[in-house]
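Visitor: The chain contents come next:
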Amino acid sequence: MGTSAPAFRELGYWLFRYRRTWRGSIVISVANPLFFLTALGLGLGKLVDRDGALHGESYLRFILPGMLVAAVMQTAFLEAAGPVLQSVRQRGNYRAAAATPLSPEDILYGHLMFWALRAVQNAVLFTGVSVVFGAVDPARAPLLVPIALLVAVAFATPAAAWSVTVTRPSQISAVFRFAVLPLYMFSGTFFPVEQLPSWLRPLAWATPLWHGVDLGRAVALGTATPFRVLVHVGYLTAMAVAGLLVARRNYRRTLHV
Amino acid sequence: MTAGPVPILAEGLTKTYGGFTAVDGIDLEVRRGEAFGVLGANGAGKSSTMRMIACVSPVTAGSLRILGRDSATDGAAIRARLGVVPQDDTIDGELTVRENLLIYGRYFGLSWKVLRERSARLLEFARLEDKAGDAVGTLSGGMRRRLTIARALINEPEIVLLDEPTTGLDPQARHLLWERLHRLKQDGVTLLLTTHYMDEAEQLCDRLVVMDAGRIVASGTPAELIARHTSREVLELKFAADERQVMIDKCRGLAERMEELPYRLLLYTDDGEETLAAVNARGVRPRTALIRRSTLEDVFLTLTGRSLVD
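If you read the sequences in order, they're chains A and B.
Counting from 1, one number per residue, gives the positions in the first sequence under the UniProt record's numbering.
Counting from 1, one number per residue, gives the positions in the second sequence under the UniProt record's numbering.
Read the hints as simulated data drawn from the structure, not as lab findings.
Just so you know, these numbers come straight off a predicted model, no measurement behind them.
Keep in mind that the hints are not guaranteed to be accurate.
If you want the footprint, here are the derived chain B segments under chain A, 3+ residues with CB under 8 Å [as the list claims (entries may be wrong)]:
1) 78–88
2) 250–262
Result set (SDA-like, lysine to any residue): computed pairs, CA atoms no more than 25 Å apart in a straight line [what the hints assert, rightly or not]:
3) B:Lys250 to B:Gly283
4) B:Lys113 to A:Leu11
5) B:Lys185 to B:Ala289
6) B:Lys238 to B:Gly220
7) B:Lys238 to B:Asp249
8) B:Lys113 to B:Ala132
9) B:Lys113 to A:Gly12
10) B:Lys113 to A:Ser170
11) B:Lys113 to A:Tyr18
12) B:Lys131 to A:Arg17
13) B:Lys113 to A:Ala7
14) B:Lys185 to B:Arg118
15) B:Lys131 to B:Leu110
16) B:Lys131 to A:Gly92
17) B:Lys113 to A:Thr254
18) B:Lys131 to A:Arg20
19) B:Lys131 to B:Glu117
20) B:Lys131 to A:Thr21
21) B:Lys113 to A:Phe8
22) B:Lys250 to B:Ala289
23) B:Lys113 to B:Arg81
24) B:Lys113 to A:Ala5
25) B:Lys131 to B:Leu95
Built from N, CA and C at the ideal position, the CB exists for glycine as well.
Bound-form chain A, shown alone:
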């Protein structure tokens, strides 16, 4: 292999680094759904299923898509925020790459490809475990993978756009604690948004994670309507594109000062 498109060289850098940690990351990707499915599906689910609030669906099947989408969001944020900050500042690998023929946009696209690959890897393992548990219909399970990919990109691009301008790691942990984790709780991951008080529901509907969760759930349970899919996909795509545009601008401003 001689020359390759510049963005693929940045992807190559991240894959090269990933060789050292891939085993651990796969263990996490498998253990994560195992724990959640056991605790929430089998433990908590037994309790929830008694009162029939989920219209005949088991709690396990209800939360599975939400868990997957929320886990993918979390991974996308964590891999796009901290590593981007490190790449600009301490480790400086972005600055090193900027001195080569790569443009700031190449660096962004290459790193984005890595996040996308990781999201697909995560989603495949997660749904695989879920199928074994009987938590998702094996015929619909593969559809969750592209949904997870869309959610990952929608969260990774704004996270990268912001992180490339950040100067202190504490800012990233603050956003994780006060923005990402609350999303987890209030976006219908664990319970239908309809359970929230009516004044809080529009807020939940506005969150990007809810669109991902509801899309995943509708597809996994076979309740999707074309309109619903269109709204969710449109929202997440708009977020991914907006994030990408701002990230492009911020990468250039940071790396070509």
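Since the structure of chain A is already known, use the hints to place chain B on it.
Guide: Chain B alone, transformed into the frame defined by chain A:
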């Protein structure tokens, strides 16, 4: 070397950040195969100049051509032929020494086969053969610098840019680095380096410019600059603190030029012995007196009125 386009040609090169002018319309011409130095104190505009030449910082005004190409439109093609040694290390501490060379080489689209061969050669050049498989974290400051230089050579660049290459290194590490840079020059590589060490500039540079507040205040070979901007010799006097001011006042008028530094008094003269005799005749009793030849440090003092390293 065969005649090709001028390696670096800048005219009216300017860089502003918001309202601050870091580089104020400088002209530069670096010739093929020479070692060219940019001298200046911190904040003189050296690093901004280097970043523009490295094509990672857009030019605000003026023109900049590198290897015959326009930096504004051909950045990627130019960067492919440059080697960059930045002031702060951007070595990946989680990878080994050899892996750092390999993965950086991939950015230039080089094949693994070529990279394995080149990295072996460069590890030898940087005297890091024994460290090839070690984590970068175990390297000394001098070794890290040599690794950064080796990494900058992975694409066999025609120009190598070095931003303060020996800052923070001990004398032995500096000498080894200078010796490696000399070897590079012998191989025909054009070197452009910034420094605030005068001995480094005299050791390495064929020609240099002195920058102050974003402008070039002098240019030429080290010998030309010394001949043009300062006297042949310098008499350096040190006094006891309590009689310092009295002694300095007594010395006035004894030399072409006098420079008061915090711990010493410099008298610029063409004959140091004669001036020292005159100083003694006036009853001045310095604690120590030293006659030496003028250096680039004196050129810098004369031109900017302050010393390089505060």
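Visitor: Compare the structure with each hint and give your call.
Guide: For each hint, the structure was consulted:
1. 78–88: Three-residue rule met by the region 78–88 of chain B, so holds; n is 6.
2. 250–262: With 0 residues in contact (Cβ-Cβ under 8 Å with chain A), the coverage given for the region 250–262 of chain B is violated.
3. B:Lys250 to B:Gly283: holds (8 Å)
4. B:Lys113 to A:Leu11: This hinted pair holds, its Cα atoms lying about 19 Å apart.
5. B:Lys185 to B:Ala289: violated (39 Å)
6. B:Lys238 to B:Gly220: violated (32 Å)
7. B:Lys238 to B:Asp249: holds (14 Å)
8. B:Lys113 to B:Ala132: This hinted pair holds, its Cα atoms lying about 17 Å apart.
9. B:Lys113 to A:Gly12: Roughly 16 Å between the alpha carbons, so the hint for B:Lys113 and A:Gly12 holds.
10. B:Lys113 to A:Ser170: violated (42 Å)
11. B:Lys113 to A:Tyr18: At roughly 21 Å apart (the allowed maximum being 25 Å), A:Tyr18 and B:Lys113 satisfy the hint.
12. B:Lys131 to A:Arg17: Holds, because 19 Å separates the two Cα atoms, which is no more than 25 Å.
13. B:Lys113 to A:Ala7: Status holds; Cα separation ~21 Å.
14. B:Lys185 to B:Arg118: Holds. B:Lys185 to B:Arg118 sits at ~18 Å (cutoff 25 Å).
15. B:Lys131 to B:Leu110: Cα-Cα ~23 Å, so holds.
16. B:Lys131 to A:Gly92: Distance ~22 Å between B:Lys131 and A:Gly92 Cα, so the pair holds.
17. B:Lys113 to A:Thr254: violated (34 Å)
18. B:Lys131 to A:Arg20: Measuring from Cα to Cα gives roughly 19 Å; hence the hint holds.
19. B:Lys131 to B:Glu117: Cα-Cα ~17 Å, so holds.
20. B:Lys131 to A:Thr21: Holds: B:Lys131 and A:Thr21 sit about 23 Å apart, inside 25 Å.
21. B:Lys113 to A:Phe8: holds (18 Å)
22. B:Lys250 to B:Ala289: holds (15 Å)
23. B:Lys113 to B:Arg81: holds (20 Å)
24. B:Lys113 to A:Ala5: holds (19 Å)
25. B:Lys131 to B:Leu95: Roughly 12 Å between the alpha carbons, so the hint for B:Lys131 and B:Leu95 holds.
Hint violations for this structure: numbers 2, 5, 6, 10, 17, all remaining hints satisfied.
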